[in-house]
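Peer 1: Work out the full structure: start from the sequences and follow the hints.
Chains A and B are the protein sequences, given in the same order.
Residue numbering for the first sequence follows this note's numbering, beginning at 1 and increasing consecutively.
Residue numbering for the second sequence follows this note's numbering, beginning at 1 and increasing consecutively.
Quick caveat, the hints were computed from the structure, so don't treat them as lab data.
One or more of the hints may lead you astray.
Derived DSSO-like pairs: lysine-lysine, alpha-carbon spacing no greater than 27 Å straight-line [claimed, not checked]:
| # | chain 1 | residue 1 | chain 2 | residue 2 |
| --- | --- | --- | --- | --- |
| 1 | A | Lys342 | B | Lys151 |
| 2 | A | Lys354 | B | Lys151 |
| 3 | B | Lys60 | B | Lys114 |
| 4 | A | Lys232 | B | Lys204 |
| 5 | B | Lys60 | B | Lys199 |
| 6 | A | Lys335 | B | Lys204 |
| 7 | A | Lys335 | A | Lys325 |
| 8 | B | Lys60 | A | Lys232 |
| 9 | B | Lys14 | A | Lys232 |
Restraint ranges, calculated between C-beta atoms of paired labels, are given here [as the list claims (entries may be wrong)]:
| # | chain 1 | residue 1 | chain 2 | residue 2 | range |
| --- | --- | --- | --- | --- | --- |
| 10 | A | Ala334 | B | His222 | 42 to 50 Å |
| 11 | A | Met345 | B | Glu192 | 44 to 52 Å |
| 12 | A | Leu49 | B | Met212 | 35 to 43 Å |
| 13 | A | Arg133 | B | Gly166 | 42 to 50 Å |
| 14 | B | Met1 | A | Arg133 | 20 to 28 Å |
Note that CB positions come from ideal geometry on N, CA and C, so glycine has one too.
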Amino acid sequence: MIFEGKQKIWSDYQKEIPSDGWFYVRSCIRQNFFPASEKYFLAVCRDLLGHDIYETRHHTTCGGIAYHSDTIPQETAMTIVARQFALMKEAGYKNLVTSCITSFGNYTEILETWREFPELEARIRENLWKATRREFDKPEHLAHASDLVYKFRGEIAERAKFRLVDKTAGRPLRIVEHIGCHYSKMFPHKGIGGAEYPCVLSGMVEAWGGEVVDYPERRHCCGFGFRQYLVKANRGYSVSNTHKKFESMEPYHPDAIITNCPGCPYFLDRWQYVIAEQTGKTYGSGGFGIPVLTYEELAGLVLGYDPWDLGLQLHQVAVEPLLDKIGIEYDPSAKYLGLDRKDIMRPGLPEVLKCC
Amino acid sequence: MDYFEELCRDYRFKEGYHTCINCGTCTAVCPAAEFYRYDPRQIVSIVQTRDNARIEALLKSETIWYCGECMSCVTRCPRRNGPGLVIMALRDLSIRLGFFTESEKGRQLYPLTKALNGNVLNYGYCVHPATFTYKDHPESGPVFEWALNHKEDVYARLGANYGADGEGALRRIPQEDLDELKAIYDVTGGTERLELVEKYSRAKAAEMGMTMEEYTEYTFTHCSEGHFNDGR
Ligand code: SF4
Ligand code: SF4
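Peer 2: And the structure:
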């Protein structure tokens, strides 16, 4: 009985994720800072594993960052999202997958609000018709791109060229996972594992041979805070919250961090650089930082793609210590080359944070 | 105006405001409360008094602008409140009434509104490399300074479709789609909101003796003493 009870509770935390029939929408932040991650999401899930994921050039932002920075009314944000739903319907798709946690939270909040207040949904339908002459269906399934990678984690493991293991030490790599607040803090039942046991990233880490680090501030916000990062005068908020997380994870000596949201890897990466330059403190060994990866980048490494094709040169924290531990070969001289090995110079080096 | 009644019309408020038992759980998990002189428990508590004068003071205060809208509080409130959602409704009302220019943090709405919606309406995304500068974002590091200086090459190397037709990351969004976004702004009050923020901000800039360029720079970069939890 007790076991069945537990199974029942656990089933409430699960999420149905179809393998195919996905309409893909991109992320404002991931495109800028991790464009190769979006490329490799499609390269792995669509081209390599053969799942049906469709993109149209006509889709846009969901407006989520403008909305959570309080610069547009709720109806504007809802109608932008309704337009994405209309594009999905017109393309003949029923499931929507988004490349961003803010978007995922935004879509979820909108669908839940409409469920509770159907009159609002009716008004948004009118708005969309007036503005664009389009009509929409609500998606049958809504997923974050990491939900799909989680679902396909076994298929990826079967094709893996590398495992998340420290080759020399012969131990699983210690990986910190950061879920991103809007994934399941607002609507826990919409994320895999809910808010209490989110396993969207830990499931990947374990499937690929790593070990997940549990630490006190594991669920603390990365510190984005929308206006708290976007306005220069407020950025102390953002770095302070990241700092709190790093101080908390430091005693566990993580080998890497894997992130869900497009913003979090940027903040966890760049604020390590700022903390190093301002205070002299670094969190990796030998003056390096702790490499911070998107889940697409980690999947790509496991599958054996070239680190510089995956865009790891766009990180401020050097990833080479992690590549060396896993035993991934790379060409240091190719790191900052453009297409066809074009010389496009190299970035300057930080004064404190060690880079390769 | 009865501010409480007005808040009750906001769907975020309908979702996020129920009876608060003042337990302080939201404050305990709140990243903003760690950093700023900020206590979401007190905000919900003040709203709950329905005292118009106290709510008006809140609408004109720095306090409502401290939240990061992370929604960590939503998971934990034993009464299913969402202080972050209540904040969104308070901010919305503060903007509509022009009260946001009364506080330093509220005035930041001007550069935020210009930058984000400029990006949405011109490029189709909230953030775009064309307007992201190293000067405004030194924390993006030497690596991104390099990337921004070699945008076309770096994005081409990483498989983006920067500024070009077709699908892919950072593609050029067709004008007809940008026109639809603009039409959505027009129909849903987005355009009106931009004009409102512009109007109140211009009045405030004039009162502060600043040009709009000076006001933009000042509100984007200036941080007075007194905001922080550690007494600064
Ligand atoms: S949403 Fe705002 S009030 Fe709630 S925990 Fe986050 S910062 Fe604090
Ligand atoms: S957690 Fe909920 S009930 Fe407790 S103080 Fe905050 S809003 Fe009130």
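Peer 1: Determine for every hint whether it applies to the structure shown.
Peer 2: For each hint, the structure was consulted:
no. : hint                             : verdict
1   : A:Lys342 to B:Lys151             : holds (13 Å)
2   : A:Lys354 to B:Lys151             : holds (24 Å)
3   : B:Lys60 to B:Lys114              : holds (21 Å)
4   : A:Lys232 to B:Lys204             : holds (20 Å)
5   : B:Lys60 to B:Lys199              : holds (17 Å)
6   : A:Lys335 to B:Lys204             : violated (49 Å)
7   : A:Lys335 to A:Lys325             : holds (18 Å)
8   : B:Lys60 to A:Lys232              : holds (22 Å)
9   : B:Lys14 to A:Lys232              : violated (32 Å)
10  : A:Ala334 to B:His222: 42 to 50 Å : holds (44 Å)
11  : A:Met345 to B:Glu192: 44 to 52 Å : holds (46 Å)
12  : A:Leu49 to B:Met212: 35 to 43 Å  : violated (52 Å)
13  : A:Arg133 to B:Gly166: 42 to 50 Å : violated (24 Å)
14  : B:Met1 to A:Arg133: 20 to 28 Å   : violated (37 Å)
When held up to the earlier numbered hints, the structure conflicts with 6, 9, 12, 13, 14 and fits the remainder.
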